[in-house]
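Please model the entire structure based on the sequences and the hints provided.
Residue numbers (my numbering), protein chains in the order written: chain A, 1 to 226; chain B, 1001 to 1226.
Calculated directly from the structure, the hints in this document are not laboratory data.
Heads up, the beta-carbon is just placed ideally off N, CA and C, and yes, glycines get one too.
One should not assume that every hint holds.
Partial pick of chain A residues on the chain B-facing surface, computed with a CB cut under 8 Å [stated by the list, open to error]:
1. 132
2. 133
3. 150
4. 197
5. 215
6. 218
7. 225
The lines below spell out each chain.
There are 2 protein chains.
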Amino acid sequence: MSQPIKILLAEDELALGQIVKESLETRNFEVLFCENGESALRNYIKEKPELLVLDVMMPKKDGFTLAQEVRAQDKHIPIIFLTAKSQTKDVVEGFEHGGNDYLKKPFSMEELIVRIHALLDRNSLKKAKDVINIGDYIFDYTKQKLFFNTEETQLTHREAELLFHLSETRNEILDRSLILKKIWGDDDFFNARSMDVFITKLRKKMKKDENIQIVNVRGYGYKLIC
Amino acid sequence: MSQPIKILLAEDELALGQIVKESLETRNFEVLFCENGESALRNYIKEKPELLVLDVMMPKKDGFTLAQEVRAQDKHIPIIFLTAKSQTKDVVEGFEHGGNDYLKKPFSMEELIVRIHALLDRNSLKKAKDVINIGDYIFDYTKQKLFFNTEETQLTHREAELLFHLSETRNEILDRSLILKKIWGDDDFFNARSMDVFITKLRKKMKKDENIQIVNVRGYGYKLIC
DNA sequence: AACCAGTGTTAACGAGTGTTAACCGATTGC
DNA sequence: GCAATCGGTTAACACTCGTTAACACTGGTT
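Next comes the structure, spelled out in structure tokens:
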């Protein structure tokens, strides 16, 4: 293992948090320990951890709200909730807020570590297979190719990136500046115009299926409809 | 009920599958019965069912894997897992793979049907928000389109938003300042005038059905009558 | 080194969208 | 009945986006 994996831990009970932090560190994880939801969000943005462990009940910002805000930026980052509640209803609520797993307090460290490994493995697997159906097209993200029946079109890197993000937020608005920052690194005027050019290119390459549309939402961004 | 609702059922035990299929059909569902995960995926793509009932243990492709692949295409389609296992771990795994509910075998048909209805209701709420009948028009909110017979009109984002909110409070008064705050963010004088302009635009675009009217309620707001 | 193909950026112009202004009729309260 | 206000409508305007093409840069080939 070359680089330790960064985990963000948000927990307002200091004693518990400290124990979890230390025992994760003995397993060679790097742990960013935050005492409330707000500092957790700041740390998430700054440090880009690979997995989040969030207490649901926290001062300033609860775990569910935090998870939603993080999900807006990263659809796939694994999130584990720690909760004192245990009814199915709360579990379901957790999943609806974008959680991938949950642990009822009190929990054993073994349990937590097993779940962390499970989610990390799954996540690295997902990265390998990025073949996405978009209407009658099949989009292979890693190969940067579009298939329409037997026909095959090569996409450029930018085209593929953009289409990938569009397909992730299918039928929802993909925020302009968010995507500019992600792909271009900066949402200045020129990059924005460049992005428009790529939208045109994608529209052309995907016009064989009339049900697919990339709709502009003035002032906000684009929506991939299919 | 005009169109029967399509349900995809994937179950490798033929006897059980047949029973479920038939008793769902007596409830006026259309059932696509598949014996393994692979044929289920093909059928899902071809037939676009509204709900999936998946056995977890199946040859060729298990229910969890199948669910993930389906989820990649449709974030909202309800999925019910049928499982012989019943430990929390498996339930959690089910939810992780994108399931909305699960049933432990053996189960009663009543149980299954209750859950199907529960999920369809929840989903149809969401869907009702998408494709809306307004008089002789069909309004697709996500596509931002108005259909009148075969005729198709593209709406702008603002038009679509406004019409959506009008249709939500059909035959009731839609409060001016409420809607201004929701769509424009602020209910100042200029935005209010802007909204009036959009009301005019919508009236023009919907004048083909004379039974539809957008009536002003002086001092309060507008009412969509149809 | 000269050439070339591929990719992404910048420029330029035109079309689409939403806001503001202007004018006018309708409704309300006095 | 009259002034005041609200809403209906149209048009001008500012700004965003769509599209095409020219341009710059990269890396590979001869």
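| message | Under 8 Å is the threshold here; is the Cβ of residue 132 of chain A close enough to any Cβ of chain B for the hint to stand? | response | Cβ of residue 132 of chain A sits 6 Å from chain B, so the hint holds.
| With 8 Å as the cut and Cβ atoms as the points, is residue 218 of chain A at the interface with chain B? | 6 Å, holds
| query | Can the hint on residue 225 of chain A be confirmed by a CB-to-CB distance to chain B that is less than 8 Å? | reply | 5 Å, holds
| query | Can the hint on residue 215 of chain A be confirmed by a CB-to-CB distance to chain B that is less than 8 Å? | reply | 6 Å, holds
| query | Hey, does the residue 133 of chain A contact hint survive, CB to chain B under 8 Å? | reply | 5 Å, holds
| Interface restraint verdict for residue 197 of chain A against chain B (beta-carbon cut-off 8 Å) | Violated: closest Cβ of chain B sits about 21 Å from residue 197 of chain A, beyond 8 Å.
| field | Hint status (Cβ of residue 150 of chain A to nearest Cβ of chain B, threshold 8 Å) | value | The hint is violated - residue 150 of chain A has no Cβ within 8 Å of chain B, the shortest such distance being about 17 Å.
The structure is inconsistent with the numbered hints 3, 4, although it conforms to all the rest.
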